[in-house]
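Protein sequences, first through last, are from chains B and F.
Counting in the numbering used here, the first sequence runs from 1 upward without gaps.
Counting in the numbering used here, the second sequence runs from 244 upward without gaps.
Simulated from the structure, these hints should not be mistaken for lab results.
Hints are supplied without guarantee of correctness; some may be wrong.
[Unchecked claim] Per label pair, the in silico range of CB-to-CB distance:
#1 GLU76/B / THR312/F: 47 to 57 Å
#2 ARG321/F / MET65/B: 44 to 54 Å
#3 LYS158/B / GLN404/F: 38 to 48 Å
#4 THR125/B / ARG481/F: 45 to 55 Å
#5 GLY62/B / PRO463/F: 44 to 54 Å
#6 GLN404/F / GLU76/B: 34 to 44 Å
#7 GLU76/B / ALA323/F: 50 to 60 Å
[Said to hold, decoys possible] Simulated crosslink set (SDA-like; lysine to any residue; CA at most 20 Å straight-line):
#8 LYS327/F / CYS196/B
#9 LYS358/F / ALA120/B
#10 LYS84/B / GLY74/B
#11 LYS358/F / GLU127/B
Beta carbons are placed, not taken as given, at the ideal position from N, Cα and C, and that holds for glycine.
Protein chains: 2
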Amino acid sequence: MVFFDPAGAAAQSHPFDKGPDGLLKSSRQHLLQRNLGERTMKLYDSIGPNPRIVRMFMAEKGIEMPKQTVDLRGGENRQAEHLKRNPHGQMPTLELDDGSYLSEITAICEYLEEKNPTPAMIGATPEERAECRMWTRRVDLNIAEPLANGFRFGEGLKFFQNRVPCAPEASPGLKMIAANRLQWLDGQMADREYLCGKRFTLADIFLYGWLDFGSQVGQPLDPANSHIAAWFARVGQRPSVKA
Amino acid sequence: MVFFDPAGAAAQSHPFDKGPDGLLKSSRQHLLQRNLGERTMKLYDSIGPNPRIVRMFMAEKGIEMPKQTVDLRGGENRQAEHLKRNPHGQMPTLELDDGSYLSEITAICEYLEEKNPTPAMIGATPEERAECRMWTRRVDLNIAEPLANGFRFGEGLKFFQNRVPCAPEASPGLKMIAANRLQWLDGQMADREYLCGKRFTLADIFLYGWLDFGSQVGQPLDPANSHIAAWFARVGQRPSVKA
Chain B
1 MVFFDPAGAA
11 AQSHPFDKGP
21 DGLLKSSRQH
31 LLQRNLGERT
41 MKLYDSIGPN
51 PRIVRMFMAE
61 KGIEMPKQTV
71 DLRGGENRQA
81 EHLKRNPHGQ
91 MPTLELDDGS
101 YLSEITAICE
111 YLEEKNPTPA
121 MIGATPEERA
131 ECRMWTRRVD
141 LNIAEPLANG
151 FRFGEGLKFF
161 QNRVPCAPEA
171 SPGLKMIAAN
181 RLQWLDGQMA
191 DREYLCGKRF
201 TLADIFLYGW
211 LDFGSQVGQP
221 LDPANSHIAA
231 WFARVGQRPS
241 VKA
Chain F
244 MVFFDPAGAA
254 AQSHPFDKGP
264 DGLLKSSRQH
274 LLQRNLGERT
284 MKLYDSIGPN
294 PRIVRMFMAE
304 KGIEMPKQTV
314 DLRGGENRQA
324 EHLKRNPHGQ
334 MPTLELDDGS
344 YLSEITAICE
354 YLEEKNPTPA
364 MIGATPEERA
374 ECRMWTRRVD
384 LNIAEPLANG
394 FRFGEGLKFF
404 QNRVPCAPEA
414 SPGLKMIAAN
424 RLQWLDGQMA
434 DREYLCGKRF
444 TLADIFLYGW
454 LDFGSQVGQP
464 LDPANSHIAA
474 WFARVGQRPS
484 VKA
């Protein structure tokens, strides 16, 4: 359990000062909690596309919080201290105000949105949220996961073979599936600015994070997917991609 | 677009009559909408574990609505009429009151929970929902998806090869991954009644639906996973498994 250090808090900016109207009050409440020595949310962060997606999501919403870097390359995320935070050994993990831990990036982003609804990056209505969740899961299951495992079981095998169950012979097939589903998605993007139409959402952040990662590990986007290529360039203009 | 038939409505039970207190009023509003000939939600349903998970979720919540069966075996879900509902060609799909369509089972269940919060099968607070979403995604990515694709690319290949991109050589490895992650999960279940502790949630329904399917298609649960086996028997007592 990590308790907040009031002395350290004073030296930091308030986490929600930069947010839109309505967040100032909660920012002050948050500061009060800090000064009373109570816990605050904290992100256990690392290299890799999953933490990056959460950081992009937070940047788009103007959320700041303390971060602690876990040495993914050195395997710190598979050691006892992090396994107490996330028994699945993955990154990132969010520590909540009550000291409990939350993993899985979609669950983390949903939680951050519930606690800080504005600006809505999942949706402001049940229908908007439904649309974003539908597209996020399509990207998650059909593109991100086969792309990621295609890498883990292929170029990343030496790194991952002692960390997760690996099936090297599945790597080419999984890459083929991700590429095939991107081709399908390209057709869907013909008339869309973003996955949810005019709204830039978690679904776009998710896809961007994985496509950007893919381009670095031997799975670049086929430029024949011209609608996605245009969308990728559009999203790449956003300041949040640097998060 | 499907408009509701008021004559047919009169012969049916009201969808929320069986719900807990507080739903009666919405039930009456719903009936009023029906009598005015407005649209109502409708589930495009079929055989298979995904629609079954949504039906179980609805049964646990006491939600009833009109259903239309799509002939999955005959490939109706891959034909133009269903592709208008879900361009990804999968089942199930929910038609919303405004005539739009929603796919992906987690998005459908989240939407149903938002519209009918009680009894909560995802969660009644942001923290409860976060915990359920975390477990649901762990099951989804690490167990359900490799189990499903292990089947689609293996025993189900003849059926699926003209429907989705298939990688037959990946089948054994994907089954190994699902089995490995079930072994991990068994350790996590040692002190738990359900995935979210005392709460029976969507995460359990999700896992149950896929394990039950696995047992029918050559991926039975290894009985050495004794905690999951006990949990499976416990969940199997619930009336909703017949939905």
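Q | Proposed proximity, CYS196/B with LYS327/F (alpha carbon, max 20 Å) | A | With a Cα-Cα distance of about 16 Å, the restraint between LYS327/F and CYS196/B holds, given a limit of 20 Å.
Q.
44 to 54 Å was suggested as the range; check whether the CB atoms of GLY62/B and PRO463/F agree with it.
A. Holds: the Cβ-Cβ distance is about 49 Å, inside 44 to 54 Å.
Q) Given the proposed pairing of LYS358/F with GLU127/B, does the C-alpha separation stay at or below 20 Å? A) Distance ~10 Å between LYS358/F and GLU127/B Cα, so the pair holds.
Q. Given a hinted range of 47 to 57 Å, is it respected by the beta-carbon distance of GLU76/B and THR312/F?
A. holds (51 Å)
Q.
Quick check on a hinted range of 34 to 44 Å for GLN404/F and GLU76/B, using CB atoms only.
A. For GLN404/F and GLU76/B the Cβ distance comes to about 43 Å; the hint holds.
Q. Quick one: are THR125/B and ARG481/F within 45 to 55 Å, going by C-beta?
A. violated (32 Å)
Q.
Against the range 38 to 48 Å, how does the distance between the Cβ atoms of LYS158/B and GLN404/F compare: consistent or not?
A. Violated - the Cβ-Cβ distance for LYS158/B and GLN404/F, about 33 Å, lies outside 38 to 48 Å.
Q: For the range 44 to 54 Å, tell me whether the beta carbons of ARG321/F and MET65/B fit it or not.
A: holds (45 Å)
Q. Is 50 to 60 Å right for how far apart the beta carbons of GLU76/B and ALA323/F are?
A. holds (52 Å)
Q | 20 Å Cα cutoff - pair LYS358/F, ALA120/B | A | holds (19 Å)
(Q) LYS84/B and GLY74/B were given as a pair; does the straight-line alpha-carbon distance stay at or below 20 Å? (A) Satisfied, since the Cα-Cα distance of roughly 17 Å is no more than 20 Å.
Of the numbered hints stated above, those contradicted by the structure are hints 3, 4, listed in ascending order.
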